[in-house]
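Following the hints, complete the assembly by docking chain B onto the known chain A.
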Amino acid sequence: MKDPLNKTKVVLRHLPPSISEAALRDQIDGRFSGRYKWFSFRPGKNSQKNLRYSRAYIDFQSTEDVIEFAEFFDGHIFVNEKGAQLKALVEYAPSQRVPKVWSKKDGR
Amino acid sequence: PERSARVSKVRPPLHQYIRKLLFSDLDKSSVEHVLRQLRKLPWSECEAYILKCFLKVHKGKYSQVNLIAILTAGLSRYHHEFAVAVVDEILEEIRLGLELNDYNMQQRRIAHMRFLGELYNYEHIDSSVIFETLYLIIVFGHGTPEQDVLDPPEDCFRIRMIITLLQTCGQYFDRGSSKRKLDRFLIYFQRYVLSKGPLPLDIEFDIQDMFAELRPNMARYSSSEEVNAALVELEEHERTASSERQS
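So the sequences go chain by chain: A and B.
Heads up, the first sequence stops at 144 in the numbering used here, and the numbers go up one at a time, no gaps.
Heads up, the second sequence stops at 249 in the numbering used here, and the numbers go up one at a time, no gaps.
If you're looking for bench data, these hints aren't it; they were derived computationally from the structure.
There could be a bad hint or two in this list.
30 Å max Cα-Cα, derived DSS-like pairs, lysine-lysine [as the list claims (entries may be wrong)]:
1) B/Lys-22 with A/Lys-85
2) B/Lys-198 with B/Lys-181
3) B/Lys-58 with A/Lys-123
4) A/Lys-81 with B/Lys-198
5) B/Lys-54 with A/Lys-81
6) A/Lys-85 with B/Lys-54
7) B/Lys-181 with A/Lys-85
8) A/Lys-81 with B/Lys-58
9) A/Lys-85 with B/Lys-61
10) A/Lys-43 with B/Lys-61
Extracted from the complex, chain A is given alone in its bound form (with noise of 0.2 Å):
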């Protein structure tokens, strides 16, 4: 098992169903511009049936950058426009896979 102490990658979970990919990366990039490596978000879903929460996947450059996220971001309130507040969860992320840089293209 991957020790805890080098996990680098972390999911942020419960944001806002509508928030955007860009309104997001303005909040982090704010303190965390250059400190990760990959960055994936996952859109969440804003419609009454079935509501889910936005997510985002992000492998950081070091440890201490994931503590830093975490203590700045675990438990942010982020506002949605209809003012309905939301308290977003840091945690590692269960699977510490990212892509790797190289893509091979496919010759199909």
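Quick look at chain B alone, frame taken from chain A:
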């Protein structure tokens, strides 16, 4: 009353084609063909939709969940980002299922466990992900005020989830560190099972079958006191082992 006819959903042709490949063409003999066809798709346009369809494993036949795992592993060579996303999404689905504990999602949740196990069988995830998931299932929400909603005492669904996952991939935890990890987990699992009190017979039989298959010689504890004593001993043993390593 006047009512317009139900408008059926019209999907773009590419989406229709992806659905045809995954939900009607896919079987044991066509999996190579389907993989090739998926690779030929304009990927940037289709990736999000293919991901969505892969996560609908519960819509297909239960016996074919492994085929979606084969496709995931096959695509990871060319679309590593996609294959990483499949794993992140399935783990999120499992977590969300625990958070909602919605009766209507049970069939889907069982299919997700099977899918996770098959991803291990096709070497797309490590055993650490399987074990983290197993432990998450037996502890999630415990010790919080929501425990009675998330995992009420009479609710045995989490036991079914564990059995499904271990029936899918547990046979490969038969040597080395993963064997030890399963031995250890099964003691914690027994404590969880005993905390439920008397079980419905069908669940009890499924547990017996699982032990017979994976660990026929393992001790089954009959009371919480017994299993707790075994865990105290185990944790003591682990502490001495880790302090010896450090010194």
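Query raised in the report: Would the pair A/Lys-85 and B/Lys-54 pass a check requiring their Cα atoms to be no farther apart than 30 Å?
Result: holds (18 Å)
Report task. For the pair supplied as a hint, B/Lys-22 and A/Lys-85, confirm whether the alpha-carbon distance does not exceed 30 Å. Result -> Distance ~27 Å between B/Lys-22 and A/Lys-85 Cα, so the pair holds.
Query raised in the report: Does A/Lys-81 lie within 30 Å of B/Lys-54 when you go C-alpha to C-alpha?
Result: Judged against 30 Å, a Cα distance of about 13 Å means the pair holds.
Query raised in the report: Hey, B/Lys-181 versus A/Lys-85, does the alpha-carbon distance stay inside 30 Å?
Result: Violated: B/Lys-181 and A/Lys-85 sit about 43 Å apart, past 30 Å.
Query raised in the report: Has the given pair, A/Lys-81 with B/Lys-58, been kept, meaning a C-alpha gap of at most 30 Å?
Result: The given pair, whose Cα atoms are some 16 Å apart, holds under the 30 Å limit.
**Report entry** Hinted pair A/Lys-81 and B/Lys-198, Cα distance within 30 Å
**Finding:** With Cα atoms ~36 Å apart, A/Lys-81 and B/Lys-198 exceed 30 Å; violated.
Report task. Would you check the hint for B/Lys-58 and A/Lys-123, treating anything up to 30 Å between C-alpha atoms as holding? Result -> holds (28 Å)
Query raised in the report: Holds or violated: A/Lys-43 with B/Lys-61, Cα cutoff 30 Å?
Result: The hint is violated at about 34 Å.
Query raised in the report: Within 30 Å, alpha carbon to alpha carbon, are B/Lys-198 and B/Lys-181?
Result: Roughly 26 Å separates the two Cα atoms, so the pair holds.
Query raised in the report: Does the structure keep A/Lys-85 and B/Lys-61 at a Cα separation of 30 Å or less?
Result: This hinted pair holds, its Cα atoms lying about 19 Å apart.
Comparing the model with each earlier hint shows violations of hints 4, 7 and 10; every other hint is respected.
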